[in-house]
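Visitor: Sequence:
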Amino acid sequence: MIEILNPTLLTRARDTGALVADILQTVKSRSTIGTNLLDIDRWAKDMIVEAGATSCYVDYAPSFGRGPFGHYICTAVNDAVLHGRPYDYPLADGDLLTLDLAVSLGGVAADAAISFIVGDTRPPESVALISATERALAAGIAAAGPGARIGDIAHAIGTVLTTAGYSINTEFGGHGIGSTMHQDPHVPNTGRPGRGYTLRPGLLLALEPWVMADTARLVTDADGWTLRSATGCRTAHSEHTIAITDDGAEILTMPKQGPA
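Counting in UniProt numbering, the sequence shown runs without a single skipped number right up to 260 at its last residue.
To be clear, the hints were calculated from the coordinates, so they are not data collected in a lab.
Values in this document were obtained by computation on a predicted structure and should not be read as measured data.
Some hints could be false.
[What the hints assert, rightly or not] Pairwise CB distance ranges (calculated): (1) T198 / G67: 18 to 24 angstroms; (2) N36 / D246: 41 to 47 angstroms; (3) G194 / D22: 19 to 25 angstroms; (4) G70 / H186: 22 to 28 angstroms.
[Said to hold, decoys possible] Quick list of in silico lysine-lysine cross-link-like pairs, DSBU-like style, CA-CA up to 35 angstroms: (5) K28 / K256; (6) K256 / K45; (7) K45 / K28.
Glycine included, every Cβ here is placed at the ideal spot set by N, Cα and C.
Please work from the sequences and hints to get the whole structure.
Guide: Structural data, given as structure tokens:
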């Protein structure tokens with residue numbers, strides 16, 4: 001199903017996107033050495049409930065998971081990259097943490113992810129991974145607009161990632177979003193320009209480039225959810241929900257600018 005939002009629903013989508021961005025930035029600011037992943041999940045739950053929103057994850061039970069997910073936020077550490085299920089783990093200096101959050105507010109969902117390094121140690125490989133996904137996300141957004149095609153976005157993302165030296169896994173990528181978290185069209189992280197669905201104003205897309213340092217192969221944890229690099233290498237993941245507008249693309253999950 002592909003949804004095209006009317007102006008009323010687009011306003012609600014902006015509210016949802018702002019909430020997702022606020023929760024992610026708040027949790028990031030609290031995530032320090034010694035922070036437990038289960039505390040992060042609890043913080044996310046409290047903020048979602050306080051806002052009158054609904055988690056897209058707690059009851060999420062797709063065919064590829066061992067559902068339901070049962071938590072409010074995805075917490076992927078180091079070699080984990082997608083669907084990281086929170087567990088009893090205190091963060092250490094230099095850990096690469098990815099937070100992925102999707103909520104629904106007013107009947108419209110938004111989805112975003114950020115990767116960052118905990119503490120003061122800055123492993124160069126981790127810095128490079130995060131930078132590549134952020135640049136790829138920016139390129140994908142720049143390629144989006146009315147009349148563009150899904151392949152244009154996929155090509156822009158994939159060009160950045162491959163130029164940076166990373167191989168691309170095509171099992172999971174971006175997606176349409178609206179009244180539910182995952183919808184058509186699928187947005188792969190590599191592709192050919194000029195191909196695929198033509199973008200229209202009112203369409204929401206969650207774009208999410210992710211990479212692993214030295215492999216494109218994933219393995220699944222015993223929890224049935226957490227996806228890790230097959231080699232144990234580090235990973236990174238960046239995501240925004242965007243709305244296609246008459247003029248281009250509007251980022252709905254952009255954090256507010258303010259003092260550091």
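Visitor: All hints, please: hold or fail.
Guide: Hint by hint, here is what the structure shows:
1. For T198 paired with G67, a C-beta distance near 33 angstroms fails the hint of 18 to 24 angstroms.
2. Separation of N36 from D246 is about 46 angstroms and conforms to the stated range, judged on CB atoms against 41 to 47 angstroms.
3. Between G194 and D22 the Cβ separation comes to about 37 angstroms, which falls outside the hinted range of 19 to 25 angstroms.
4. Evaluation of the 22 to 28 angstroms hint for G70 and H186 yields a pass: the beta carbon distance comes to about 25 angstroms.
5. Taking the CA atoms of K28 and K256, the gap is about 14 angstroms. The hint holds against a cut of 35 angstroms.
6. Among the hinted pairs, K256 with K45 is consistent with the structure: their alpha-carbon atoms are about 21 angstroms apart, no more than 35 angstroms.
7. Taking the CA atoms of K45 and K28, the gap is near 15 angstroms; set against the 35 angstroms cutoff, the hint holds.
Hints 1, 3 from the list above are not met by this structure, while the remaining hints are.
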